[in-house]
Amino acid sequence: MKDTFAVAIGGAAGQGVATPGNIFAKIFARRGLHLLAYNAYQSIIRGGHTFLTIRAGVENVTSFGDRIDLLIPLNQDTMDRHLRLLGPGAAAIYNGDTVKPGEAAPGVRLCPLPVGELSKDGRNKVEQNVLAVGAALSLMGVGFASLEHILAQQFKKKGEAVVAENLGVARAAYQYASQHFEPFASPLPMTERRYAVLTGNMALAMGGVAAGVKFYCAYPMSPSTGVLHWMAAHARKAGIMVRQVEDEIGVINMTIGAAHAGVRAMCATSGGGFALMSEGLGMSAMIETPLVVIDVQRAGPSTGVPTKTEQGDLWQVLGAAFGDYPRMIAAPTDILDCFKLIPEMHNLADRFQCPAIVLSDLLLSEGHTSVDPADLDFSVPIDRGELITTANGASGGYKRYLITESGVSPRAIPGVPGHTHTVATDEHDEDGVLISDEYTNPIKRRAMMEKRQRKVTGIEAAVPPPVLKGPREADVTLIGWGSTQGVIQEAIEILSEAGITANHLQIRWLVPLHGEAIVDLLRSSHRTIIVENNFSGQFARYLRSETSFVADGHIRKYDGEPFMPHHIVEAVKEQLAGRSKVSIPMHGIAV
Amino acid sequence: MATTASGPRQFKITDYKGKVDPDWCPGCGDFGVLASLKAALAELNIPVHEVVTISGIGCSSNLPGYIDTYGMHTLHGRALAVATGVKMANHELQVIITGGDGDGFGIGGNHFIHTIRRNVDLTYIAMDNQIYGLTTGQVSPTSRIGMKTKSTPFGSVEGPVNPILLALSAGATYVARGFSGDPKHLTELIKKGIEHTGFSFIDVFSPCVTYNHDNTYPWFRDRVKKLESDSAYDATDWYAAMRQARLWGDEIPIGMFYENTSVPALHQLEPILDEGGPLAHRDPRVPADVAREFVEELM
Numbered sequence: 001m002k003d004t005f006a007v008a009i010g011g012a013a014g015q016g017v018a019t020p021g022n023i024f025a026k027i028f029a030r031r032g033l034h035l036l037a038y039n040a041y042q043s044i045i046r047g048g049h050t051f052l053t054i055r056a057g058v059e060n061v062t063s064f065g066d067r068i069d070l071l072i073p074l075n076q077d078t079m080d081r082h083l084r085l086l087g088p089g090a091a092a093i094y095n096g097d098t099v100k101p102g103e104a105a106p107g108v109r110l111c112p113l114p115v116g117e118l119s120k121d122g123r124n125k126v127e128q129n130v131l132a133v134g135a136a137l138s139l140m141g142v143g144f145a146s147l148e149h150i151l152a153q154q155f156k157k158k159g160e161a162v163v164a165e166n167l168g169v170a171r172a173a174y175q176y177a178s179q180h181f182e183p184f185a186s187p188l189p190m191t192e193r194r195y196a197v198l199t200g201n202m203a204l205a206m207g208g209v210a211a212g213v214k215f216y217c218a219y220p221m222s223p224s225t226g227v228l229h230w231m232a233a234h235a236r237k238a239g240i241m242v243r244q245v246e247d248e249i250g251v252i253n254m255t256i257g258a259a260h261a262g263v264r265a266m267c268a269t270s271g272g273g274f275a276l277m278s279e280g281l282g283m284s285a286m287i288e289t290p291l292v293v294i295d296v297q298r299a300g301p302s303t304g305v306p307t308k309t310e311q312g313d314l315w316q317v318l319g320a321a322f323g324d325y326p327r328m329i330a331a332p333t334d335i336l337d338c339f340k341l342i343p344e345m346h347n348l349a350d351r352f353q354c355p356a357i358v359l360s361d362l363l364l365s366e367g368h369t370s371v372d373p374a375d376l377d378f379s380v381p382i383d384r385g386e387l388i389t390t391a392n393g394a395s396g397g398y399k400r401y402l403i404t405e406s407g408v409s410p411r412a413i414p415g416v417p418g419h420t421h422t423v424a425t426d427e428h429d430e431d432g433v434l435i436s437d438e439y440t441n442p443i444k445r446r447a448m449m450e451k452r453q454r455k456v457t458g459i460e461a462a463v464p465p466p467v468l469k470g471p472r473e474a475d476v477t478l479i480g481w482g483s484t485q486g487v488i489q490e491a492i493e494i495l496s497e498a499g500i501t502a503n504h505l506q507i508r509w510l511v512p513l514h515g516e517a518i519v520d521l522l523r524s525s526h527r528t529i530i531v532e533n534n535f536s537g538q539f540a541r542y543l544r545s546e547t548s549f550v551a552d553g554h555i556r557k558y559d560g561e562p563f564m565p566h567h568i569v570e571a572v573k574e575q576l577a578g579r580s581k582v583s584i585p586m587h588g589i590a591v
Numbered sequence: 592m593a594t595t596a597s598g599p600r601q602f603k604i605t606d607y608k609g610k611v612d613p614d615w616c617p618g619c620g621d622f623g624v625l626a627s628l629k630a631a632l633a634e635l636n637i638p639v640h641e642v643v644t645i646s647g648i649g650c651s652s653n654l655p656g657y658i659d660t661y662g663m664h665t666l667h668g669r670a671l672a673v674a675t676g677v678k679m680a681n682h683e684l685q686v687i688i689t690g691g692d693g694d695g696f697g698i699g700g701n702h703f704i705h706t707i708r709r710n711v712d713l714t715y716i717a718m719d720n721q722i723y724g725l726t727t728g729q730v731s732p733t734s735r736i737g738m739k740t741k742s743t744p745f746g747s748v749e750g751p752v753n754p755i756l757l758a759l760s761a762g763a764t765y766v767a768r769g770f771s772g773d774p775k776h777l778t779e780l781i782k783k784g785i786e787h788t789g790f791s792f793i794d795v796f797s798p799c800v801t802y803n804h805d806n807t808y809p810w811f812r813d814r815v816k817k818l819e820s821d822s823a824y825d826a827t828d829w830y831a832a833m834r835q836a837r838l839w840g841d842e843i844p845i846g847m848f849y850e851n852t853s854v855p856a857l858h859q860l861e862p863i864l865d866e867g868g869p870l871a872h873r874d875p876r877v878p879a880d881v882a883r884e885f886v887e888e889l890m
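If you read the sequences in order, they're chains A and B.
Start counting the first sequence at 1; every next residue gets the next number (the working numbering).
Start counting the second sequence at 592; every next residue gets the next number (the working numbering).
Treat the hints as calculated values from the structure; they're not laboratory data.
The reader is advised that the hints may include incorrect statements.
Stated by the list, open to error - In silico EDC-like pairs for lysine to aspartate or glutamate, Cα to Cα no more than 20 Å straight-line: (1) K156(A) x E888(B); (2) K237(A) x E884(B); (3) K399(A) x D612(B); (4) K573(A) x D66(A); (5) K237(A) x D865(B); (6) K782(B) x E641(B); (7) K237(A) x E887(B); (8) K100(A) x E117(A); (9) K399(A) x D606(B); (10) K26(A) x E887(B); (11) K603(B) x E634(B); (12) K237(A) x D612(B); (13) K610(B) x E427(A).
Looking at chain A on its own, in the form it has when it is part of the complex (with noise of 0.2 Å):
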């Protein structure tokens, strides 16, 4: 991942960030580059500051990284913060009407552009961004004619004019640029492949879709809202039927709702949300109606800081909803991942009839990359496990609870002849007939919490134990969950260009955890450290408490942004020299 290229976007929010990204992010994998991206961004609509990082390179890129390559800033405020994050070879661009530069590093440099004499016939304001995309490109050593077509997309909304005027003054910016400033020492590479660019929440809908998927409902809550977007923007086409409802309480009752009427359904939501979901997941396992939520993370606690990451809710995930029951818990490693997992959950769901919640969070589900459209298959395996559509000539006699081995009971959905029941939250017998208020009976009771806790065993036998990646053989061991994969992958090829070998575990399957088979990886590392974006280690402490594992160090990140390579990399020699056991690295960009 050595040969990568990073420019970072910074300004107020509505000054139009996300028009240079997206513009960015087509021309990187319409180059066939492989891309990431991520925002830094606050709960304003106007106003604040909005930092964008977007990352490429020929191989795959797993981070936002260490480093920007390019850097422009499209207010002051931008300039004052980050121009000494810029390096040796780095470059700036940004209106010299309007905005100073501070004092760079050498080997910076530093390119204002006159805005105002090369967008003198236009009749909007809104070009410095675009001005300055067309500087970039002529920096990058890309052709102009790449722009061309994309502007014309960007902009067609709002007509020919506009779009004539976007690429005129782009032109000349491309053109000053030329004139005026050195270009990179190398140009931007290109090859033959052509990627799909996608954000988590767009991944975790399509997911949806190829599940099959025919309900999905929401009340809208960030960093979860993407999923809500997309699928009421393609319902239509998909087939499904998109809801927003008054609250999350509404939101899984109404989900569970529609499962239990045959459809696969779904809800995405994040911590507070998911908060007031709780009793609709004990509901969703005692009824045995399957059931799919995502708790897309956002730093916590309460309503915490909605537009920043944190990988905080892993134990109120663990403990929501009360009693004993049978459920899935995932972490998605990757935004092709969170993708790949949903129709993965909706099968276990349907198979074992009960909830299963995803983890993602503001990192991957609003973050941006790019796949191999081919990656994104929507003809995966649907598993409806055993599910009663049609009477087959039944006559009396359907049990919806049946005590089996496995635990799980052949499900009816209403509307079938010959097989009528009634499904409980309270607790009751084969037949569902309560065993709560009347005639309590121990001995049912345990018949019944005992069948559908063997499900457990169908669930360890149908998911994968993770797997050790990296040399058997390692200074250290890091292990992560979820959405730190990428970053901890990038951290090792650092070390290891420092001399440090590491090994990488990353957990994807966190209920069923086999814990048996993580101690068994472990048993043979040198130095084992948990690395996780929360305060309190809570995937340290679910392992210990799980298997009484106790990890030798830990990085942990609690400031609301993500890790960052260097932040891992420092952590690990400074564990490795001594110096601590726990390390809380300090995020450099002001954001």
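With chain A held as given, fit chain B onto it using these hints.
This is chain B only, laid out in the frame that chain A set:
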């Protein structure tokens, strides 16, 4: 409609008899509601497997266990949300919700308002006894001011909700009130509610003989007056309904307050339900060309 070799089958009240008998207190108003519901289903001849009876939690919410249809005994206050999901996934099912005043107007109040404004094609029968029964006698959202209960030993100081007014103001398209002491009248109201396309709300005075000694059978019997007895009453006039809904005292109106058949139900407004039948019966796979289009958008 279900058919047999000998022709369409006529369902009898006994066909809807549940697996177990109710465990309600002897004399409970809910018996009358259960009987009326079964009678309404039989008279409309709706096959048992085409009905889903959904409830929350409470004495009256035990009803789905006492009737042979598909049933869901869900969470306290959540029946309407669950029912909306069921109806959207399979709009050919006849979905009936039963529950009490605490379940529907207390913990479930939010869903009540929003299910009404969506005009989901559901029939909601609230067994309103002005008390929390299953938790052994606490004040409810419909308890009158001054009512002494275990949680208001010196009398409630909070004003009650008027479910009929609330439903009308939220935009309900069928609003009725019945009395479990008059099961024939109630059966008619339930039948009309089931036949109504859209959200139908039937608030039923269903006395709690154990914990509510204020609002008893005789108390109601002396006061209820059928709207139908006034031939001039126009149930399509929303303002007239609002005026009647406010009456409470020596005379309390029961009957059909309001019906509006011109508002489409939610499933009728959903373009994806225009053709192709219920979602629950459709192929889960998205066509390959649609999937390709979704990926192309990202390129």
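Hints, one by one, checked against the model:
{"no.": "1", "hint": "K156(A) x E888(B)", "result": "holds, 15 Å"}
{"no.": "2", "hint": "K237(A) x E884(B)", "result": "holds, 10 Å"}
{"no.": "3", "hint": "K399(A) x D612(B)", "result": "holds, 18 Å"}
{"no.": "4", "hint": "K573(A) x D66(A)", "result": "holds, 17 Å"}
{"no.": "5", "hint": "K237(A) x D865(B)", "result": "holds, 13 Å"}
{"no.": "6", "hint": "K782(B) x E641(B)", "result": "holds, 15 Å"}
{"no.": "7", "hint": "K237(A) x E887(B)", "result": "holds, 14 Å"}
{"no.": "8", "hint": "K100(A) x E117(A)", "result": "holds, 17 Å"}
{"no.": "9", "hint": "K399(A) x D606(B)", "result": "holds, 18 Å"}
{"no.": "10", "hint": "K26(A) x E887(B)", "result": "holds, 13 Å"}
{"no.": "11", "hint": "K603(B) x E634(B)", "result": "holds, 8 Å"}
{"no.": "12", "hint": "K237(A) x D612(B)", "result": "violated, 48 Å"}
{"no.": "13", "hint": "K610(B) x E427(A)", "result": "holds, 16 Å"}
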